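Trainee: Here is how the chains run, residue by residue.
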Amino acid sequence: MSTQIQESETETETEETSEHQTRRLAEKRERADMAERAETDLSGADETARIKVFRYDPEVEGKKDPRFDTFEIPFTKGMTVLDALIYARDHFDSSLTFRHSCRQAICGSDALFINGRQRLGCKTQMVDLEWPVQIEPLPHAEVVKDLVVDMEHFYDQMEAVEPYFQTNDLPDGELEEQKQTRENREKVKMSTRCIWCSACMSSCNIAAGDNKYLGPAAINKAYRFAMDHREGEDMKEHRINIIEQEHGVWRCQTQFSCTEVCPKDIPLTEHIQELKREAVKSNLKFW
Amino acid sequence: MSQSYDRGLIEDFGRWQEFSAGMWAWIFHKFTGWVLIGYLFTHVAVLSTATVDGATYTSTLQGLESLLLVRFLEVGLLAVAAFHILNGIRLLFVDLGVGLGAQDKAFYAALVATAAVTVASIPTFLVGAF
Ligand code: HEM
Ligand code: SF4
Ligand code: FES
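If you're matching them up, the sequences are chains W and V in order. When we follow UniProt numbering, the leftmost residue of the first sequence carries the number 1, and every step to the right adds one. When we follow UniProt numbering, the leftmost residue of the second sequence carries the number 1, and every step to the right adds one.
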């Protein structure tokens with residue numbers, strides 16, 4: 001479980017130097033306490049889970065060579081991989097770096113390579129994994145530090161498909177609702193669930209070899225809007241033009257890796273294939 | 001960002017043990033497709049001996065068939081072709097968006113059927129080879 005460090009509120013020193021001094025001492029005490037608590041946690045735990053975490057820090061001499069650090073975590077029921085990482089960071093090494101925020105599979109921050117597969121740390125139970133659990137940064141992305149990878153390229157690909165609603169046919173009245181049929185909503189429902197975690201992109205063998213490939217998430221995003229009837233025919237054509245380019249849908253070789261790792265269970269390959277057929281249809285339209 | 005780290009090979013075929021059905025199907029399909037192309041060259045070479053005369057063609061074939069290696073290669077060729085055709089049909093369904101939820105099972109079915117066809121062909125291909 002995450003053990004948040006409580007900043008002690010007792011630091012109301014007058015002099016700056018002594019304030020600094022007290023804080024340092026307080027922090028030192030805090031760390032000693034934490035280590036001690038970790039000891040008791042460990043001895044009191046039902047089981048000890050071992051995690052092997054990828055470490056890399058280009059800015060610290062001696063940490064420039066990637067390595068794996070092993071941490072022993074007192075396992076508690078319901079513990080996720082993210083919980084284990086937080087425990088390790090808070091009790092053993094505060095320099096351990098990873099992205100996380102919501103802890104409920106909705107912010108898309110903590111896609112990691114866990115036991116050889118892209119998963120969300122917060123959505124993966126420790127009990128469901130073989131121990132020791134090996135935690136690495138997402139493959140096919142540049143590692144910035146420890147488990148943090150550079151997401152810029154992924155976001156660029158997402159932006160490339162214009163991931164927002166656009167339409168030329170607005171309803172007449174100014175306050176008129178722009179309604180979607182139930183069926184149409186059903187059609188795009190799964191595609192709307194993407195949390196931009198990049199797990200799919202990381203798992204894709206094609207994206208790894210072709211840096212310009214839009215990738216599963218971006219194509220799924222294009223699908224979400226291309227299939228939305230409210231955008232109208234012109235906009236759909238515009239969207240098809242984007243995804244049928246050289247580095248668009250046709251790069252997909254139906255390996256199904258993305259579909260398998262998507263934490264939101266989006267049928268990515270199915271959507272890509274459907275857009276391929278849409279692209280063919282729009283090009284064959286000679287009537 | 002000052003510097004970043006590219007983890008290279010471990011991210012690709014180094015993790016083959018983690019590959020799942022769809023990935024294996026892709027690898028096997030590529031492989032079998034190109035083996036079939038390769039076979040086409042040898043096939044044409046052998047057939048073209050018929051342009052010399054009938055006797056040359058017959059002796060070429062007889063000579064090849066007397067080699068144990070060739071007999072085994074024929075079994076292999078059948079396996080490769082069978083898988084490529086069966087998985088090719090699976091891929092056609094995938095392209096049509098039919099039964100995508102069962103694509104992994106379709107791959108396993110293709111493997112099993114390939115194995116069955118291959119085993120069943122052994123008596124035919126290897127008769128009199130030993
Ligand atoms: C009934 C017979 C066959 C079927 C159903 C079939 C089906 C297919 C399909 C659907 C693909 C495309 C895979 C994709 O979506 O990427 C493909 C690829 C290919 N096929 Fe076949 N095929 C057959 C016979 C053959 C034969 C006889 C040859 C060789 C002479 C061959 C050579 C190839 C090659 C080289 C590829 C491309 C592999 C690659 O992606 O690099 N196929 N086949
Ligand atoms: S499609 Fe799935 S795996 Fe890909 S970024 Fe969105 S939520 Fe993550
Ligand atoms: S922490 Fe937000 S998705 Fe895991």
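No wet-lab data here; the hints were simulated from the structure. The model shown is predicted, which means the values in this text are computed figures rather than measured ones. Among the hints, a few may not be true.
[Claimed, not checked] Pairwise CB distance ranges, derived in the manner of DEER restraints:
#1 A208(W) with Y57(V): 28 to 38 Å
#2 D156(W) with Y108(V): 34 to 44 Å
#3 D156(W) with R15(V): 46 to 56 Å
#4 L126(V) with D65(W): 51 to 61 Å
#5 I37(V) with E237(W): 33 to 43 Å
#6 Q180(W) with G99(V): 24 to 34 Å
#7 N211(W) with K105(V): 32 to 42 Å
#8 Y155(W) with Q17(V): 41 to 51 Å
[Unchecked claim] Pairs of lysine to aspartate or glutamate residues, derived as DMTMM-like cross-links and limited to a Cα-Cα distance of at most 25 Å, are as follows:
#9 K189(W) with E233(W)
#10 K189(W) with E260(W)
#11 K189(W) with D95(V)
#12 K212(W) with D95(V)
#13 K30(V) with D210(W)
#14 K105(V) with D210(W)
#15 K285(W) with D95(V)
#16 K281(W) with D95(V)
Backbone N, C-alpha and C fix where the C-beta goes; we use that ideal spot for every residue, glycine too.
Trainee: Now tell me if each hint is right for this structure.
Mentor: Do the hints match the structure? See the list:
1. A208(W) with Y57(V): 28 to 38 Å: violated, 48 Å
2. D156(W) with Y108(V): 34 to 44 Å: holds, 38 Å
3. D156(W) with R15(V): 46 to 56 Å: violated, 25 Å
4. L126(V) with D65(W): 51 to 61 Å: Between L126(V) and D65(W), where Cβ atoms are some 55 Å apart, the hint holds.
5. I37(V) with E237(W): 33 to 43 Å: Taking Cβ atoms as reference, I37(V) and E237(W) lie about 38 Å apart, which means the hint holds.
6. Q180(W) with G99(V): 24 to 34 Å: holds, 28 Å
7. N211(W) with K105(V): 32 to 42 Å: Given about 33 Å between the Cβ atoms, the range holds.
8. Y155(W) with Q17(V): 41 to 51 Å: violated, 31 Å
9. K189(W) with E233(W): Judged against 25 Å, a Cα distance of about 20 Å means the pair holds.
10. K189(W) with E260(W): holds, 18 Å
11. K189(W) with D95(V): Holds - the C-alpha atoms of D95(V) and K189(W) are around 22 Å apart, at most 25 Å.
12. K212(W) with D95(V): holds, 23 Å
13. K30(V) with D210(W): The given pair, whose Cα atoms are some 18 Å apart, holds under the 25 Å limit.
14. K105(V) with D210(W): This hinted pair is violated, its Cα atoms lying about 29 Å apart.
15. K285(W) with D95(V): holds, 19 Å
16. K281(W) with D95(V): holds, 13 Å
The structure fails hints 1, 3, 8, 14 (numbered hints given earlier, in ascending order).
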